[in-house]
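Protein sequence lines, in the order shown, are assigned to chains W and U. Its first residue numbered 19, the first sequence is counted upward by one per residue in the working numbering. Its first residue numbered 39, the second sequence is counted upward by one per residue in the working numbering.
Some hints could be false.
Mimicking DSSO-like on lysine-lysine, the simulated pairs with C-alpha atoms at most 30 Å apart in a straight line are [to be verified]:
| hint | chain 1 | residue 1 | chain 2 | residue 2 |
| --- | --- | --- | --- | --- |
| 1 | U | K130 | W | K51 |
| 2 | U | K130 | U | K105 |
| 3 | W | K70 | U | K68 |
| 4 | U | K121 | W | K119 |
| 5 | W | K115 | U | K68 |
| 6 | U | K80 | W | K119 |
| 7 | U | K80 | W | K115 |
| 8 | U | K123 | W | K115 |
| 9 | U | K130 | W | K115 |
| 10 | W | K70 | U | K130 |
| 11 | U | K121 | W | K148 |
| 12 | U | K44 | U | K105 |
| 13 | W | K70 | U | K44 |
| 14 | W | K119 | U | K77 |
| 15 | W | K119 | U | K105 |
| 16 | U | K72 | W | K34 |
| 17 | W | K119 | U | K68 |
| 18 | W | K115 | U | K77 |
| 19 | U | K42 | W | K119 |
| 20 | U | K105 | W | K74 |
| 21 | U | K112 | W | K119 |
| 22 | U | K123 | W | K119 |
| 23 | U | K121 | W | K97 |
| 24 | W | K74 | U | K68 |
| 25 | W | K34 | U | K68 |
| 26 | W | K51 | W | K115 |
| 27 | W | K148 | U | K130 |
| 28 | W | K119 | U | K107 |
| 29 | W | K34 | U | K42 |
| 30 | W | K77 | U | K68 |
| 31 | U | K72 | W | K115 |
| 32 | U | K121 | W | K145 |
| 33 | W | K70 | U | K105 |
What the hints contain is simulated information worked out from the structure, not anything from laboratory work.
The primary structure of each chain is shown beneath.
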Amino acid sequence: MKELEFEIPSDPEYIKDASEKVLDFLEEMELTKEILFDIRLCLEEAVINAIKYGNKLEKAIPVSIRVSFSEGRLEIMVKDCGKGFQYSDIPDPRSSKNILKHGGRGLFLIRNLMDEVVFNDSGNEIKMIKSISGGKSDGG
Amino acid sequence: MVVKEKKVGDAVVLVVDGEINFNSSPDFRKAFLKVLEEKAQKVVVNLSSVAYVDSSGLATLVEAHQKVKSSGGKLKLTNLSAKVKSLFEITKLEKLFDIQPTEDEAVKSF
Chain W
19 MKELEFEIPS DPEYIKDASE KVLDFLEEME LTKEILFDIR LCLEEAVINA
69 IKYGNKLEKA IPVSIRVSFS EGRLEIMVKD CGKGFQYSDI PDPRSSKNIL
119 KHGGRGLFLI RNLMDEVVFN DSGNEIKMIK SISGGKSDGG
Chain U
39 MVVKEKKVGD AVVLVVDGEI NFNSSPDFRK AFLKVLEEKA QKVVVNLSSV
89 AYVDSSGLAT LVEAHQKVKS SGGKLKLTNL SAKVKSLFEI TKLEKLFDIQ
139 PTEDEAVKSF
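I would like the entire structure built from these sequences, with the hints used as guidance.
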């Protein structure tokens, strides 16, 4: 089991720092560029939601990130300190009435690119799970 | 991210270099608003040097598409990487945009 846990301030300037830290952590697994793109995108989308909607861009409030990898299963958890949101109410951004809307695609992309997405009851923590095959995927 | 503007015939081509993400999409927005102020009717966005787009970037491209359309013009995208194109496919934005393989083909297709 490999694990990484850290916090960032609720400041958009730290979004890329967070994803670089996670991708560095995953480097020795020699994952494909395509999988790394998906992981980075899902992590950054979750972090943006946590910073913007969860912690309302209050820099002093942290966003927690935990990544673990074991037996071909990658888990990424992103948690904010907000009240949570009704994730089940997010409309389908592909429908004709929503296709021109600004929001709604981040979570939709996460759901499409990850194998499993789980929220806690209060809706302020998202756990994204991806099965990784190939590469050095046993995680040490 | 850097956006360079050039004229190719009567089309305006925006060549984007870098990522269109949460932090950089306001800069991309400024670039296409400037093109709109110049009353451009044929706009091409060349994404050959864009390896990463997030949902904010997609939303900003949708806004550009709508603003150009509502001013009577047309916007086309070109040179999408396979990964960036896959995001347009997942979100069905490929049906909203005219996506051409190359800048040349995009300019000729107006």
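Comparing the hints with the structure gives:
Annotation: proposed proximity of K130 (chain U) to K51 (chain W) holds, straight-line Cα distance about 23 Å (limit 30 Å). For the suggested pair K130 (chain U) and K105 (chain U), the alpha carbons sit about 19 Å apart, so the restraint of at most 30 Å is met. Using a Cα cut-off of 30 Å, the hinted pair K70 (chain W) and K68 (chain U) holds, with the two alpha carbons roughly 22 Å apart. For the hint linking K121 (chain U) to K119 (chain W), the alpha-carbon distance of about 22 Å falls within 30 Å, and the restraint holds.
A distance of roughly 26 Å separates the Cα atoms of K115 (chain W) and K68 (chain U); the hinted pair therefore holds under the 30 Å criterion. Among the hinted pairs, K80 (chain U) with K119 (chain W) is consistent with the structure: their alpha-carbon atoms are about 23 Å apart, no more than 30 Å. Among the hinted pairs, K80 (chain U) with K115 (chain W) is consistent with the structure: their alpha-carbon atoms are about 26 Å apart, no more than 30 Å. With a C-alpha separation of about 22 Å, the suggested pairing of K123 (chain U) with K115 (chain W) holds against the 30 Å cut-off.
This hinted pair checks out: K130 (chain U) and K115 (chain W) have alpha carbons roughly 13 Å apart, not beyond 30 Å. Straight-line distance between C-alpha atoms of K70 (chain W) and K130 (chain U) comes to about 25 Å, which keeps the hinted pair within the 30 Å bound. A distance of roughly 18 Å separates the Cα atoms of K121 (chain U) and K148 (chain W); the hinted pair therefore holds under the 30 Å criterion. For the given pair, K44 (chain U) sits about 19 Å from K105 (chain U) by alpha-carbon distance, which is consistent with the 30 Å threshold.
Note on K70 (chain W) and K44 (chain U): the hinted pairing is violated, with a Cα-Cα distance of about 35 Å set against a maximum of 30 Å. Distance check on the hinted pair: K119 (chain W) and K77 (chain U) sit about 24 Å apart at the alpha-carbon level, within 30 Å; holds. The suggested pairing of K119 (chain W) with K105 (chain U) holds, with an alpha-carbon distance near 13 Å, which does not exceed 30 Å. As the CA atoms of K72 (chain U) and K34 (chain W) are separated by approximately 28 Å, the hinted pair is consistent with the 30 Å bound.
Proposed proximity of K119 (chain W) and K68 (chain U) is supported: the alpha carbons are some 19 Å apart, at most 30 Å. Restraint check: the Cα-Cα separation between K115 (chain W) and K77 (chain U) comes to about 28 Å, which is no more than 30 Å; the hinted pair holds. Proposed proximity of K42 (chain U) and K119 (chain W) is supported: the alpha carbons are some 27 Å apart, at most 30 Å. Taking the CA atoms of K105 (chain U) and K74 (chain W), the gap is about 29 Å. The hint holds against a cut of 30 Å.
As the CA atoms of K112 (chain U) and K119 (chain W) are separated by approximately 19 Å, the hinted pair is consistent with the 30 Å bound. Restraint check for K123 (chain U) and K119 (chain W): the C-alpha separation of about 19 Å stays at or below 30 Å, so the hint holds. Distance restraint check for K121 (chain U) and K97 (chain W): the Cα-Cα separation of roughly 27 Å lies within the 30 Å cut-off, and the hinted pair is therefore satisfied. Straight-line distance between C-alpha atoms of K74 (chain W) and K68 (chain U) comes to about 25 Å, which keeps the hinted pair within the 30 Å bound.
At roughly 22 Å between alpha-carbon atoms, K34 (chain W) and K68 (chain U) fall within 30 Å of each other, so this suggested pair holds. At most 30 Å may separate the alpha-carbon atoms for a hinted pair to count; K51 (chain W) and K115 (chain W) exceed this at roughly 34 Å. Annotation: proposed proximity of K148 (chain W) to K130 (chain U) holds, straight-line Cα distance about 23 Å (limit 30 Å). This hinted pair checks out: K119 (chain W) and K107 (chain U) have alpha carbons roughly 15 Å apart, not beyond 30 Å.
For the given pair, K34 (chain W) sits about 24 Å from K42 (chain U) by alpha-carbon distance, which is consistent with the 30 Å threshold. Among the hinted pairs, K77 (chain W) with K68 (chain U) is consistent with the structure: their alpha-carbon atoms are about 26 Å apart, no more than 30 Å. The suggested pairing of K72 (chain U) with K115 (chain W) holds, with an alpha-carbon distance near 28 Å, which does not exceed 30 Å. Proximity of K121 (chain U) to K145 (chain W) is assessed by CA-CA distance (about 23 Å); at most 30 Å being required, the pair is judged to hold.
For the given pair, K70 (chain W) sits about 25 Å from K105 (chain U) by alpha-carbon distance, which is consistent with the 30 Å threshold.
Checked against the numbered hints given earlier, this structure breaks hints 13, 26; the rest are met.
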